[in-house]
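2 protein chains.
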Amino acid sequence: MTAQPAQSLVYQGDRDLDELLRRDGARYDANGVRDLLAGVLAAPEGTDPDAWLDLVVRNPSPALRAQLAALKAELAARYDDGLKQRPSPERLAALRQELARRGLDGFIVPRGDEHQGEYVPSRAERLAWLTGFTGSAGMAIVLADRAAIFVDGRYTLQVRKEVDTARFEPRHLIDEPPHDWIAAQARPGMRIGFDPWLHTQDGLARLHASAKRAGAELVPTDGNPIDAVWTNQPAEPLAPVRPHDIRFAGQSAADKREQLAAKLAAEGFAAAVISAPDSLAWLLNIRGGDVPHTPLPLGFAILHASGTVDLFMDPRKLVPEVVPHLGNQVRVEPRAAFGAALDQLGQARARVAVDAATGPLWASDRLERAGAEVVRGQDPCALPKACKNETELANARTAHVRDGVALARFLAWLAAEASKGELTELSAADRLLAFRSAGENFRDTSFTTISGAGANGAIVHYRVSAATNARIAPDMLYLVDSGAQYLEGTTDVTRTVAIGQPTPEQRDRFTRVLKGHIALATARFPKGTSGSQLDTLARAALWQAGIDYDHGTGHGVGSYLSVHEGPQRISKVPNTVALLPGMIVSNEPGYYKTGAYGIRIENLVAVCEVEAPAGAERPLLGFETLTLVPIDRTLVEPGLMTPGEIAWLDAYHARVRQTLMPLVDPATALWLDVATRPIGS
Amino acid sequence: MTAQPAQSLVYQGDRDLDELLRRDGARYDANGVRDLLAGVLAAPEGTDPDAWLDLVVRNPSPALRAQLAALKAELAARYDDGLKQRPSPERLAALRQELARRGLDGFIVPRGDEHQGEYVPSRAERLAWLTGFTGSAGMAIVLADRAAIFVDGRYTLQVRKEVDTARFEPRHLIDEPPHDWIAAQARPGMRIGFDPWLHTQDGLARLHASAKRAGAELVPTDGNPIDAVWTNQPAEPLAPVRPHDIRFAGQSAADKREQLAAKLAAEGFAAAVISAPDSLAWLLNIRGGDVPHTPLPLGFAILHASGTVDLFMDPRKLVPEVVPHLGNQVRVEPRAAFGAALDQLGQARARVAVDAATGPLWASDRLERAGAEVVRGQDPCALPKACKNETELANARTAHVRDGVALARFLAWLAAEASKGELTELSAADRLLAFRSAGENFRDTSFTTISGAGANGAIVHYRVSAATNARIAPDMLYLVDSGAQYLEGTTDVTRTVAIGQPTPEQRDRFTRVLKGHIALATARFPKGTSGSQLDTLARAALWQAGIDYDHGTGHGVGSYLSVHEGPQRISKVPNTVALLPGMIVSNEPGYYKTGAYGIRIENLVAVCEVEAPAGAERPLLGFETLTLVPIDRTLVEPGLMTPGEIAWLDAYHARVRQTLMPLVDPATALWLDVATRPIGS
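From first to last, the protein sequence lines stand for chains L and A.
If you use the working numbering, the first sequence corresponds to residues 98 to 778, in order.
If you use the working numbering, the second sequence corresponds to residues 98 to 778, in order.
Read the hints as simulated data drawn from the structure, not as lab findings.
Any given hint could turn out to be false.
As the list makes no split between identical chains, a pair holds if one copy fits it or if it spans any two.
Unchecked claim - Straight-line alpha carbon distances no greater than 16 Å define the calculated EDC-like cross-link-like pairs of lysine to aspartate or glutamate that follow:
(1) Lys353 with Glu171
(2) Lys624 with Asp647
(3) Lys258 with Glu195
(4) Lys690 with Asp645
(5) Lys309 with Asp277
(6) Lys309 with Asp111
(7) Lys624 with Asp645
(8) Lys690 with Glu714
(9) Lys624 with Glu708
(10) Lys309 with Glu714
(11) Lys309 with Glu470
(12) Lys181 with Glu259
(13) Lys690 with Glu602
(14) Lys624 with Glu706
(15) Lys181 with Glu266
(16) Lys181 with Asp111
Chain L with its partners taken away, still in its complex shape:
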């Protein structure tokens, strides 16, 4: 349900606009609107291009509406943040000049922003601006006479395509890490800068140690040197921040504040710094849109043990109803006031919690310098946010029914069309988006769809582009990993389908992946068990055949928030966070044959209490599968499955069929009928 965009006429000039704004009692004059639009254009457009109008005036006259749209169109046409072009050598030269001006011998350029999030606003794409590298993780280090860029295994090919490797020596982030490079390159007395907003203490520790060993020093900068030379750097993003209704949140923000404040007080804390925007969104029951695919309102907060909150966020991005929604226990202040508020905590010698994984060094340093006792622990919102309440779970089920309908329509369409050999990865992804967009309360995809045909399916983090866009044709496997943001919740589902006739090997591999998926879906485990303890269940059937997959088995998923959320995780990397009822995680084992095909079967599941069998001594947990999308039966080799596994698959398909059948069109119903039949029938 997308709003009709405002009619875009020719822009009549600021004087005209001033008059229209004044007449409607708007918050800004034309100059103010231009400033606002700089931030609006620096945020993703989202599904409603006119959503920003709420920041100017409620119910604008048609004339004002049209002029605002025209101004936006004009500014958008001229908008150039320098991120679309391949970076010129001048950018690196300008940065080096700026460093010299500051007396620095080098500078560290991470990919992350102040919030250590997976998605960053365009303003924070400093690594991309400087080097051209667009991957989601990486780091560059610039010295006076040389520079290096560090990327992980996903990006070793991409970095050579995007980056001028004569200027930035490409290195492997894990095997040839930045601290080794620093150790080799740093000379005694060197001063290498870093932006303390963009690093955590832990993240910087090894670089610090390496520099120190080489006799060099890491120096925090006051302001980021790149910002000084990135002349057309985007503004801070200003996507509208709206209340997240209690019908979706299930618990009022006041309740959450009170509950967390009591816990802080009990643990002897005066306050906690909240720097993760999803925590902030959860705590205050608000949603924004400052980064792609995730309804995050970027900002910082201090949660006091009294239950009040200082929210540091540009007030311009709050739609009017947010102010009463936040109430008088939440003080909204500009981000520039954050430092002074930390100083106050310091002067009070307060004990303050800062998240060890995401808290910016800038904040903990400022607190400590001011006299506070900083305790690096876990963001107090992380665990309650991860444990969805009954309302959130009920909404998640609704979102998954809606997503199941879209996926069923898509897979039915694909089954009819793919064998013609005219579809491509891009056209299929577009079609899937169209089916999803037709669903109620759809707001966005929850990440860029992975649409991989044949060999592209074997690239775990494949991102289709015009250059790689492959045709979907017989006989190949097609892997599609996609998700949606509904007001009711966030989805994430992967299906692998055979176009035409699969090979026996493909059926063997698919069935082993499915066995792992079922082992996890049917696991029962005592309270206190972590996701790491369950990871092997999803791999054992693959291991027996001497194969494996090189990614985690499950990540936490937010409630109309981040599709990747902590603190729990199902992974062979140790994670000691116990799975708790209400946590939503993905269940996604896979298998990838390089150059040939990829297989992944992903459902979201919610941790739930399960009925204890007779004689049980410990409270047992298990998983409720949320995702409702058929699993391709033509890829299943029943001879490899146990009767119990077949029973699970048949029961799952019966549930999918029963739930979706009444909600789909006749053509999809025909397909669904076949796709959900029991194995062996």
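Position chain A against the provided structure of chain L, taking the given hints into account.
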């Protein structure tokens, strides 16, 4: 094969002994022998009470032999280290006086010694001497007006029996940890002492932080204050140290030194401090006997990157052939020279590795004060020691055949005798020891045998005593967990047998434990997998029934060394050490019904490479089961087992039968024939 003890006559006096010693060209006069005997009596006697004679003279005359034995007997009769009596209140008072004299307000008394080992020599039993507590883990903290003792869940009952709780408040080591008590009790300005030999940096970190927060200070002591007031404290133990033959070690000490030295050099280290006696024993191919059940020679070493070793160990305990065995690349120095050697490394500004888990704070502090760069990492011997070479593995198989014979004889005897109801836990354990002692190259049990009938079997760390000694009678389960030290290797095996008729519940539980055991025994996993990743395989069948066990699933086992050895472990506690070919670990899931019965099935297994199935892409590892002892078929419920599990059990029993049958007496053979029949036959 135990040596005949020397004939013990009346001791004729030192003058007589001096003459006999002189005549045989012994190393000592009577006074020297008396000094030596103080250390000999402070070590466990072992299986050969005359072993110590080798430290005095080779091939003594019968007269000298008799007089030495007589003197030992006389000193042994008078030997009183104060550990047999319940401690008098005077001990605590004397300690407090000593603390006051040193200007200390308190003192921390850990159970561990300088080597952080599981077993400590009697001299280091300071916690037992002060409090009476004899458990294998714990800590006391003494302040001027109060004191507390901290023990874990295993010992909460025992501590109340052994310790005067009016003087030592008993607290739970995990739930009410020492640092919380310090935080509550310490006052600003307090100086609380600790012996820096007995703590690692990590072990002390939280106590340090708590004391600091309370405004107090932890102060390292120079010498242990308890030693100053424990007037009859045993001497340093002096058990003979002997070469460990290359037939058993499989690799010469020179090779080991060279290999490790090259690695140290490559990593930029000048030296490594070796403080774990099992590392020292492995590195130098020597074995001693300073602590119970484990052939450890206590001492310290510095391994230089040149390949030479400084060994700090009382030279009196080396049998003469050790000196040529060590060769001229190993300098033997008294322990008192250790500090000066560390100072030398400091003066050379050397980079020195100290084991983070076991290295005494005293050593790293001394190094750092002297100017060295200390890197806390892993003992360089830990991983190569864990990965047994082909010779060690072949010997381990031999040791397990021998152990299997002893166990088969024991279980056959038990099957014949137990139903009469006249056996007790103690008499059964004694009989098992007798069967083992009859085996070639048997040196000791590898730990105190756990012999638990009925409800005692449910106490995981049960240690039978005269007070708890239960009768073994129908109808109950009997659990026996025991191990041996053979020159060829260390064993550890647990079997649970039904005396009379087991209940359906017992069969259900036993079978689930067995399913977990088999799941682990048959696991295949790619290189790089850690034991933590496999732990859940052993629990899943129990979890399905809502039950579990509260101990690890597997520990590393040494090669004629410690029965508990790292760095690998199969446990739900995260451990990132990858399992490597040659590592020996236990496979010991269990189930314990408090007040009723306990079940554990334990085999030792060796990590091995397994043949890759067709299409395999990754090198696969699996386990070779070493232990050869029948598993009680009457406790197996075949209806709960898969065909694959039954096939494993039948194949295991066929192997046990084939291997042991030719080696046992006719009565045992009859029993073995039945005990190893296929399930269902």
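- prompt: Is the C-alpha distance from Lys309 to Glu470 at most 16 Å within one copy, between copies, in both cases, or in neither?
  reply: between (25 Å within a copy, 13 Å between copies)
task: State whether the alpha carbon distance between Lys181 and Glu259 is at most 16 Å within one copy, between copies, both, or neither.
output: Answer is within: at 12 Å inside a copy they meet the 16 Å cutoff, but 76 Å across does not.
- prompt: Within a copy, between copies, both or neither: where do Lys624 and Asp645 come within 16 Å Cα-Cα?
  reply: between (28 Å within a copy, 11 Å between copies)
query: Given a CA cutoff of 16 Å, do Lys181 and Glu266 count as a within-copy pair, a between-copy pair, both, or neither?
result: neither (22 Å within a copy, 70 Å between copies)
- request: At 16 Å max between alpha carbons, let me know whether Lys309 reaches Asp277 within a copy, between copies, both or neither.
  value: within (12 Å within a copy, 35 Å between copies)
message: Within, between, both or neither: how does the pair Lys624, Glu708 come out at a Cα-Cα threshold of 16 Å?
response: within (13 Å within a copy, 37 Å between copies)
message: Regarding Lys624 and Glu706, is the shortest C-alpha distance of 16 Å or less found within a copy, between copies, in both, or in neither?
response: within (9 Å within a copy, 35 Å between copies)
message: Cα distance capped at 16 Å. Does Lys690 pair with Glu714 within a copy, between copies, both, or neither?
response: between (44 Å within a copy, 10 Å between copies)
field: Intra- versus inter-subunit Cα pairing at 16 Å for Lys690 with Asp645
entry: Within one copy only: 10 Å inside, 38 Å across.
task: At 16 Å max between alpha carbons, let me know whether Lys309 reaches Asp111 within a copy, between copies, both or neither.
output: neither (56 Å within a copy, 64 Å between copies)
message: For Lys258 and Glu195, with the copy left unspecified, which applies at a CA distance of at most 16 Å: within, between, both, or neither?
response: Result: close neither inside a copy nor across copies, 27 Å intra and 73 Å inter.
field: Status of Glu714 relative to Lys309 across identical chains (alpha carbons, at most 16 Å)
entry: neither (54 Å within a copy, 42 Å between copies)
In this structure, the earlier hints numbered 1, 3, 6, 10, 15, 16 are contradicted, and the remaining ones agree with it.
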